[in-house]
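With chain A fixed as given, assemble chain B onto it according to the hints.
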Amino acid sequence: MTDITLPFAPVQETGQASYLDEGHTLLSWLTTHDHKRIAILYAISITLAFFIASVAIALVRLELLEPNGLFLSSDAYNRLFTLHGIVMVWFFLVPSIPATMGNFLLPMMIGAHDVAFPRLNLLSWYLYVIGAIFTIYVIISGGVDTGWTFYPPFSTGFANGHVVTAAAGVFVVGFSSIATGVNFITTTHMLRAPGMTWFRLPLFVWSMYAVSLVMVLATPVLTMSLLLIIAERAFGLPIFDAAQGGDPLLFQHLFWFYSHPAVYIMILPAMGVVSEIFACFARRQVFGYAFMVYAMLSIAVIGFMVWGHHMFVAGQSELADLVFSFLTFIVAVPSAIKVFNWTATLYRGQISFEAPMLYALGFLGLFTIGGLTGLYLASIPIDIQAHDTYFVVAHFHFIMVGASVSAFMAGIHFWWPKVTGRLYHEFWAQFAAITMFLGFNMTFFPQFIMGWEGMPRRYHYYPAVFQIWHVLSTAGASVLAVAYIMPLIYLTWSLRSGERAGDNPWQATGLEWQTTSPPPKRNFERQPVVTEPPYMYHETGHPRSPDDSRPVKPQGNAS
Amino acid sequence: MNIDQFNTEASRYAVRVDETFWILTTLSAVIVILLVTLIVVFMVRYRRGSPAPRGELPNILKHEIEIGWTVATFFLFMFFFWWAGVEILNADSPPAHALEIHVVAKQWMFRFQQPSGAREIDELHVPVNTPIRLSLTSEDVIHDLFIPALRIKKDILPDRYTYLWFTADKTGVFHMSCNQFCGTNHSLMGGQMDIVSKQDYGRWTSAQPEGDDLAHQGEKLFHTVGCSGCHDSPSSTIHAPDLHNIFGRLVQLTDGRVVKADEAYLRDKILLPNKDIPAGYAPDMPSFRGVLNEGQIVSLIAYLKSLTTSPNVEGARP
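Residue numbers (this note's numbering), protein chains in the order written: chain A, 746 to 1304; chain B, 176 to 493.
Pulled out of the complex, with its shape left as it was, chain A reads as follows (with noise of 0.2 Å):
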């Protein structure tokens, strides 16, 4: 066999093969080091991950339209929210936008053709598929209580569902993480294409940098603590046990320098996503660029000082509790400055109202109540009123769910026609983003209110004066469940109806868009060569011409 070397690769005219091409069989989805094949079967992964927490906490707003249940034990709604925390956070939240759009776009809007390391992302999806299968464990034989804080010495000593092997899950889960926070920072740094200096990132890859940062620092946190509860829960290591010499709070300290940031986690990638969509439908660049780099990276920074506020009752020094209220006062300076700057975006665009735009507007109005709460909870005095009642449940809803899926959903829609090649229908698309806006502040905007009164969270039977809230709680969240299933079909089936979407729908001027939809195995047929910053559409504002009458300038050319 004789090897030809040829002085030049040659340059494929004709087009390649889309990456959904490269392989047709379930092994060679299992087996592939494609960072867009493995961003899809996380994809799926956290769909499913997404229903399951979903159903479980429809079971609980059902439960709680009586003061006293309807059909529930208190041991099984226990086990429920439990159930409904844990899922929600590690196997959904937190890999939600970087294991999907991070691994799908990461790569493309830098000019490359995969991430650093391909095989430690196959690797990091098995080992979220390994943390899924003990919790899917846990599930099957009767659950686990302990919330998904898993406070010591309830967890280590008194709950008596599965905690050893529900830890276990989340600590295999969070090596996932990491993995993807090391691919992540790695690609960044080594793998821009010519041309591309970090502050012509566009803020994605930016928020995918910040977020990578957070998660290769906590995550072992939080390893360590859960590693610390099973070693006192199997095999009573006296490490948090008071009676022996341990400390209880000092998991809290450990559980929640890890557990804060992962709030930073949840919401970073959100803000990443966001700041694409407003640029291109506004038709504007990101109003103050350098500003919203700094913010989001002061956030990632910051975010890791501020634990202690989740601790204002339990009992810490008037010291500390000052510290941690000031500390959090900080870190929503660079929240708000970025709330500002989208809003400027907006300022002589040429706005137009496609599905991910709406779903990115219903992020900015959730965004803005969730962080402004978020200045409530940081004042002590208000925090001691509001320390777990469903006013802290509202609060990170609105930020976690409200903020982060609203994004999410976003950048699904926004990204579709990337990933599939084909658009969504565009009517029930807005239908069901308006949906999710009214649903979602309908769940949980009385939330706040009852909180406040004194309606503490977890608990299973209440007083009978706090059910007007409750039921109208109830009825959002079947307004958000319909919201939630409508793009599941309408998705599902564009896959194979929807119209071909041509390889760049938006006229965005990202890098990604700039080769085909679905994008070939290597994702450019040539290497890309950055010329622009991001997002320059036109400086004084014209609407996206159908006919590319007005082209926009692409951060490169790459085709």
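Simulated pairs of lysine to aspartate or glutamate, DMTMM-like, Cα-Cα distance not exceeding 25 Å:
| no. | chain 1 | residue 1 | chain 2 | residue 2 |
| --- | --- | --- | --- | --- |
| 1 | B | LYS373 | B | ASP297 |
| 2 | B | LYS237 | A | GLU1277 |
| 3 | A | LYS1298 | B | GLU231 |
| 4 | B | LYS281 | A | ASP992 |
| 5 | A | LYS1298 | A | GLU1277 |
| 6 | B | LYS281 | B | ASP297 |
| 7 | A | LYS1298 | A | ASP1248 |
| 8 | B | LYS395 | B | ASP459 |
| 9 | B | LYS345 | B | GLU298 |
| 10 | B | LYS281 | B | ASP315 |
| 11 | B | LYS435 | B | GLU469 |
| 12 | B | LYS281 | B | ASP388 |
| 13 | B | LYS395 | B | ASP407 |
| 14 | B | LYS281 | B | ASP443 |
| 15 | B | LYS281 | B | GLU295 |
| 16 | A | LYS1266 | A | ASP766 |
| 17 | B | LYS345 | B | ASP193 |
| 18 | B | LYS435 | A | GLU1063 |
| 19 | B | LYS435 | A | ASP992 |
| 20 | B | LYS373 | B | GLU298 |
| 21 | B | LYS450 | B | GLU469 |
| 22 | B | LYS345 | A | GLU1198 |
| 23 | B | LYS373 | B | ASP179 |
| 24 | B | LYS450 | A | ASP992 |
| 25 | B | LYS281 | A | ASP820 |
| 26 | B | LYS450 | B | ASP407 |
| 27 | B | LYS281 | A | ASP986 |
| 28 | B | LYS450 | A | ASP986 |
| 29 | B | LYS345 | B | GLU295 |
| 30 | B | LYS395 | B | GLU469 |
None of these hints come from the bench; they were simulated from the model.
For chain B alone, coordinates are given in the frame of chain A:
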């Protein structure tokens, strides 16, 4: 049950918390209205194809405005931090003469011990206009006592004391609940707080079954479980510290540190006697873990406190 049991402002502190809440809410509402107005105006005025003029952004809108709103946001947030911080600093020191009530939480009940010796379960009588200090501890997992009408709550930890204090200024029946998830019947753990006039409180106290007050119960225990054999016996061959005036005193330890003999310290000395040995004493004392329950420890400490006559002792702080 009605909503007044929750949202009544039953103390000065509660009124101030609500003021802070409403100021922040007003501020937030202004910000939200401003933003939503801007967004809607932009959405309508700059919708695709509208006749509104576009063009380059004026220079003033590029950097100055960005720095402007960054600084403004920063100062607004700092102002609020200061406002809320001062609130908590003012509120956090109970007066020395506060009426002390001991709370022991366990799955799934609260037990209250009045200074008079009266015990209550899941119900607490307190006099109005009197500073009350609750000292809280748990027998099993972490619980939390939440009294919405007073806008206070605190986690209750095993083997540790935490404290809450308040001066109620309204009489009535109010709701109390456990606010830290503690297992199967977490949502049933709670009860009611009866804030009554001082006369009624006196009547209620005297109507309780005849019994010793806490300190006297503690004194009996002091003799029956054998503390007095070493600590209160001039003829004892064991060198043990005299416990008169111990409470609130600074104690020099063998390793050179100085600690205050507060409730947590005394409790540790009973249960973990070999921790923090006072200078000049040998670690001879046996542990009473398993011998005494939480209620008995509370009585013993109440007795030790009653041995303190020095007028300048301040209440132990968490």
